[in-house]
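Participant: Here are the chains, one letter per residue:
Number of protein chains: 2
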Amino acid sequence: MSESLPFWTALVRIEGLGIRGCHKLIEHFGSAQAAYMASLTELESCGVPARVAQAIFGQACLKEGEKEVQAATEAGCRIIAFDDEEYPALLKQIPDAPLVLYVRGDVTVLSQFAVAIVGTRRPSAYGSSVAHRLAHDLAQRQLTVVSGLARGVDSAAHRGALEAKGKTVAVLGSGMNVIYPRENKRLADEIAKSGAVISEFPLDTGPTPENFPIRNRIISGLSLGVVVVEAAEYSGSLITARLALEQNREVFAVPGNITSAQSFGPNHLIKQGAKLVDQWMDVIEEFPAEVRMQLLPPAEASEGKPIGSETVTLFEASLTPEHKAVFEALRPDQALFVDDIIQASQVSQPRVLAALLELEMNGLIRQLPGKNFIRKL
Amino acid sequence: MSESLPFWTALVRIEGLGIRGCHKLIEHFGSAQAAYMASLTELESCGVPARVAQAIFGQACLKEGEKEVQAATEAGCRIIAFDDEEYPALLKQIPDAPLVLYVRGDVTVLSQFAVAIVGTRRPSAYGSSVAHRLAHDLAQRQLTVVSGLARGVDSAAHRGALEAKGKTVAVLGSGMNVIYPRENKRLADEIAKSGAVISEFPLDTGPTPENFPIRNRIISGLSLGVVVVEAAEYSGSLITARLALEQNREVFAVPGNITSAQSFGPNHLIKQGAKLVDQWMDVIEEFPAEVRMQLLPPAEASEGKPIGSETVTLFEASLTPEHKAVFEALRPDQALFVDDIIQASQVSQPRVLAALLELEMNGLIRQLPGKNFIRKL
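Here the protein sequences come in this chain order: A and B.
Letter by letter, the first sequence follows residues 1 to 377 of the numbering used here.
Letter by letter, the second sequence follows residues 1 to 377 of the numbering used here.
Think of the hints as simulated: they come from the structure by calculation, not from any bench.
Some hints here could point you the wrong way.
No distinction is drawn between identical chains; accordingly, a pair holds when it is met within one copy or between any pair of copies.
Quick list of in silico lysine-lysine cross-link-like pairs, BS3-like style, CA-CA up to 27 Å [to be verified]:
1. Lys275 with Lys376
2. Lys24 with Lys371
3. Lys185 with Lys324
Fair warning: this is a prediction, and the values are worked out from it, not measured in the lab.
Generate the whole structure from the sequences, applying the supplied hints.
Facilitator: Next comes the structure, spelled out in structure tokens:
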């Protein structure tokens, strides 16, 4: 444990400072320790309330900070401070990034490419199974699955990732000594074995309701994007989605029957522009090329052979000979006029037109202006 | 019946001419009768095959055309020709508009604002009930519901509209003397009582598979937009959606569980940009103001009180007093800074922030840059 840690754990406990106040000080002084060493005048010049400046100048909370660091070690946690090299870079970008992270498990997992899967604590059977499946499929492709260890969708997502022998991260709304809900204690242990269980709250913080929306910014902050699986009208998951947008992260949603209350949230998000997800590819497709390159085996991710290629092959296999002939007449690098396709495929005009429609519907080809067609990459 | 009708019914029967060829002639001569009166040279100059020009010059199919007009009268149908005043204006816009429409029922219904509801012949219980409900709700708002009289989603849509005492139009893929599927004969009779059953095919044309994709362009052509309720991967409904796009009509889709094969189509369309629909308002919202004005009672459609108003009132009623205070602090005509909202609402900062989030999630307010908020119209 670094010697500066007690200062960090102390600073976040100063009453009336808040996370924004903390960041003002860190921006000015560079570290918690430096803030504790500063003069009263200098502290006050940072724009924190006089009462708070006086508290820091009076070394407030330092004892508790030291005790907390000690207790963390005893509880088998590491504490990562904001200036730590291991502090996850993506999380650091958000304006109200936590100053300390308590981590049980593998700290390095927090810096790997991750996607959050969140949703209601009371999912339908459909929601649970979709969360499990999607987490499984994404974890299998080396994406870390971040969620909140809650009942329902969160638990299903963590379990799906574990089952795929992938990495998963649980972000708590309580301190590390207070796993909530209790029934998930064993799940938390499982997660910490290969991934990480983390919290920004002091070790013994209870799971009070106001902690969860605060916690949600870390779930989205650690992730390239957030997938909402099921969420009712008034739902923390919708807040997580909103935070993700504010953090410039992707927002994804799994649609569901409009007659299901739990699908209100995702369907609503899709109306507002979230990307509809019905399989793992839909998520990875949205990520920048350099991310995809690292996530996918080289053959799949290499230039000119994008994400979709795997499906193309599947589709190709399922095509009728006629559709195949039309598809094969098309080229990925040059648009062909419909008459040339008819000639090249040796298929009759109406059948070529029907085949082109279906191929386009299946996302295999694209129509360009003037009845020109090209294979999709 | 107009004297020119036999020429129209004759022209569409000329072998090798096709609908595009018909339109070439109509563009040149103005009417079918004029084409039949033209010289061979003039006919050939229109770019139709010599064989076809000779046939028309030889008055081919005129006898059949006359018989067909007679038979239509006996069958209780009217025939509307392309140059008829009653020919629906929206349908006339499409490049391959039919030259004749056989109509049983009320011809004027074809010129009213309409939306198509289409989908699989083998819907889930969910699909049937959603199609029925949506058709009911839209028909209740004076929108005519167009569909294809097929089993499944089509039938549910027609029935929903009828139950709302609204108008509905069935576009057949067969001739008017061949109602298909037979079990829908009574439904067709019901539809014709207040709406219309129509076809472009000669009276005794059988329901051969190739007719249905051709028929689909009329379903979308009569409509401001097409709603796809359930559709499997290879589905005529997806073709209708595609035709709607080509005709510059709106495409809507009702999402469904990604584990349901029947929801593949709509979910896929949404991915490609179709608008997600979970209630009738989502459809009407997309239409131009002048359409909405005519569909909705004046109070709902008037300037400054748009479509959403009804829901706003509903939502307002369900708000907590705190959320209501925050909502009421906001104005529809001017953005307020968050601090001013806190002051105006007399609610504490964290609760105001939470309320703003929820109000925004519910689509009641909008956040503008710099933490400014405004009521949504």
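Participant: All hints are to be evaluated individually against the structure, with a verdict given for each.
Facilitator: Results of checking the hints against the structure:
1. With identical chains, the CA atoms of Lys275 and Lys376 are at most 27 Å apart both within one copy (20 Å) and between copies (23 Å).
2. Within a single copy, Lys24 and Lys371 get their C-alpha atoms only as close as 59 Å, which misses the 27 Å cut-off; across copies the closest is 19 Å, which meets it.
3. Within a single copy, Lys185 and Lys324 get their C-alpha atoms no closer than 53 Å, and across copies no closer than 39 Å, so neither meets the 27 Å cut-off.
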